[in-house]
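S.K.: Make a model of the complete structure from these sequences and hints.
As a plain string of letters, each chain reads:
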Amino acid sequence: MHNERINLDLGEERTCGLTSYSIPIGPTHPALKEPIRFSFDIEGERIVGVDIQPGFAHRGIEYMGMRRNLIQTLYLSERICGICSISHPLTLVQAVEAAAAIEVPPRAQTIRTIIGEVERIHSHLLWAGVGAHELGFDTLLHLTWNVREKVMDLLEQLTGNRVDYAIPIYGGVRRDIPQEKAHLAYEALEYYNGILQQLIDAFLHDKSVEMRTRNIGVMTYDQAIALCAVGPTARASGVKKDVRQDWPYFSYADMDLHAITPEDFGTDAIGDVYDNIIVRLLEVAQSIKIIEHCLETMPSGELQSIPKVPALLAALKKAEGEGIGRHEAPRGEVFHYVRLEAGVEEPVVWKVKAPTYSNLMPWVPKFLGDEIADIPIIAASIDPCMCCMDRVHLVDSGDHGRRAILQKAELIKLSREKTRRVCG
Amino acid sequence: MTVSIGNAIWQGMLILFGAGVLGLVYKGLDRKLAAQMQGRIGPPLRQPFFDVIKLMVKENIVPDKAVGWLFNLMPVVCLAATATALLYVPLGGFAPLLGGYGDLILVLYLLAVPSLAMMLGGFAASSPYATIGAQREMVMLMSYEFPLAITLVGLAWRLSIALPAGSQVFSLGVLAANPLWTVVGPLGVIGLLLLFVSLMIVTPAELSKIPFDIPEAETEIAGGILAEYSGRNLALFYLADALKLVVMGSLIVGLFIPYGLSGIFELTGFAAGLVDVAFYLVKLFAVVFVSVIVVRVAFARLKINQVTRLFWLPVTALSFLGLILLALDRIV
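Quick note, the sequences are listed as chains A and B, same order. All the letters of the first sequence, read from the start, carry residue numbers 0 to 423 under numbering that gives the first Met the number 0. All the letters of the second sequence, read from the start, carry residue numbers 0 to 331 under numbering that gives the first Met the number 0.
In case anyone wonders, no lab produced these hints; they're calculated from the structure. Treat each hint with caution, since some may be false.
Unchecked claim - With a Cα cut of at most 27 Å, we get these calculated DSSO-like pairs of lysine-lysine:
1) A:Lys32 - B:Lys31
2) B:Lys64 - B:Lys53
3) B:Lys31 - A:Lys149
4) A:Lys407 - A:Lys417
5) A:Lys307 - A:Lys180
M.R.: Put into structure tokens, the structure is as follows:
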């Protein structure tokens, strides 16, 4: 990924005349919460070109996972992302369960759904606060994060941890949500039902927020489709795309779910930052409803299909096959691929694709034509997570000092060569 | 002015020291109160003093590509200009130390010098962030100077009609000694109110505070003009900022609310001075609270084109309307 040149023809001319200059943003910059490098071509205050260089947070986590047994890999997967720390394990367990054909009891499915949705509430509120800070509206940041404390408390009460909840295990969940704890969840949900309208007022009916976000960072419906945007980023452009709706898993199939777009707010989807705020705040409301539904219809029964860990490990060691897992994380679709071989404790292949990876390219049309002052909020609008996303780091071993920039054609050629090598 | 040179220097030192302390205390109050309004605890009131001391002992780094002498000179120019402006502004209910002839215009220019100094310092740093910050500062200066000038000149013009010919109406001391509120009729009062409001809107822009902190914009350009400044140079800018807070606040207090309490309580001598200074501090705080603290808590940062539009259209219109009302008041 390093040094990749992003040069899309998106109807915007790159006019690098004499008056344009370039400013670097990142790898470390106050607008960025995680390292990535942008290089902007600027004319006056207008952005006429953007170059994105990821690859600063690559930890080789898939490699590490392929050298641990599957249960250790599960805990490792929780460390891929610190914000959506349940999304990766939830996806990995789906992939492994598909590969090893492990059944999951319905109560465990429901508990997974609940924790996933509680996490969505905290993640979206966190994003809203960060967005406010990027706009220079710190009051709103502190307000939002103050409100977010309640859901963090709920997560701690339900799972024992504020982050890294360690709830899913292959074939079930590790902790129950007993009746005496359900009222805590109801309490928190009531609190958010009450406060959500205030949040919507503070963000969506505030003149100064609207001035900074309306028609800023626009990605049209067609661009969102062409660039394969996922999650709220795509939905803000009016793309009705949501894994929970399109490919129901856990207990989502029992619910009447639809992808939230700005139309649900009564406005047309423009695909700007304002629409991103709409989608995320309305999804908080949606999550509240989902959790309520889950708590009301919680099935009774087992938590795990194979309760003993040694038995589970033995079953996984015997398993052979491949599987995929998909989960709608707060930022969009997470995808895991796992291949298991009999007699091997480790996953032979573990491939992780985080939503930010799909949402990198939408940055380009979003940035072009806007101003320097819009860079922080546009960068934040896709809710980027670099350490989720960084999977590749090109190291130049042969040609010392030469910086390689690989275009799509070369990448396809390289991957075909590798396929031939592997198969042949 | 019949102050001896020795006395003037002594008083000047006292004013600068006092205003410096006052500015830092108000900066502390600003941070504490803003934090409280945002649901935070906030730093202790003394934090700005710690900041200055810490910056003073820190290393002073000059970037390799910077124009060294210009880069180092500009913080001094900025502080010197602000300190000079301070001596022309009525403080604590007393007449200003310097002045007497047209110092209103001088103050107008002295208020522009710190911005110009920061701009030059930013360009001298030759960092892309500082350059963008400097460009933005330049546009900001062009935006808010017009309503500011209209307001100040309008006041002086109205006073020139009210006072006998030959009075020094462009002197801040004379303006503060003859508050216009009682001179003009009802239309004039409305006009004065409009001018007051436009000056209150100009204040946060003059001080580069949210929503007008565009030249520094932390999340966008990482501190902008100040991005490359560190150590002693940054401390000088910090002090100049604190002094500028006192200058702008005192200017508004002096022009629009110059009243003292000593007359009401029929006090004289030392007690009168003490009461007036205390009341002045309260007035200054009220101005700072309304025009800086509340505003910066309640708004998001604007963009540079939005700021220019705001100052050139509504705020200029506001001050023009005030001026017209003042003129009409004389005719009616």
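S.K.: Determine for every hint whether it applies to the structure shown.
M.R.: Comparing the hints with the structure gives:
no.: 1; hint: A:Lys32 - B:Lys31; verdict: 26 Å, holds
no.: 2; hint: B:Lys64 - B:Lys53; verdict: 26 Å, holds
no.: 3; hint: B:Lys31 - A:Lys149; verdict: 25 Å, holds
no.: 4; hint: A:Lys407 - A:Lys417; verdict: 15 Å, holds
no.: 5; hint: A:Lys307 - A:Lys180; verdict: 25 Å, holds
The structure fails none of the hints (numbered hints given earlier).
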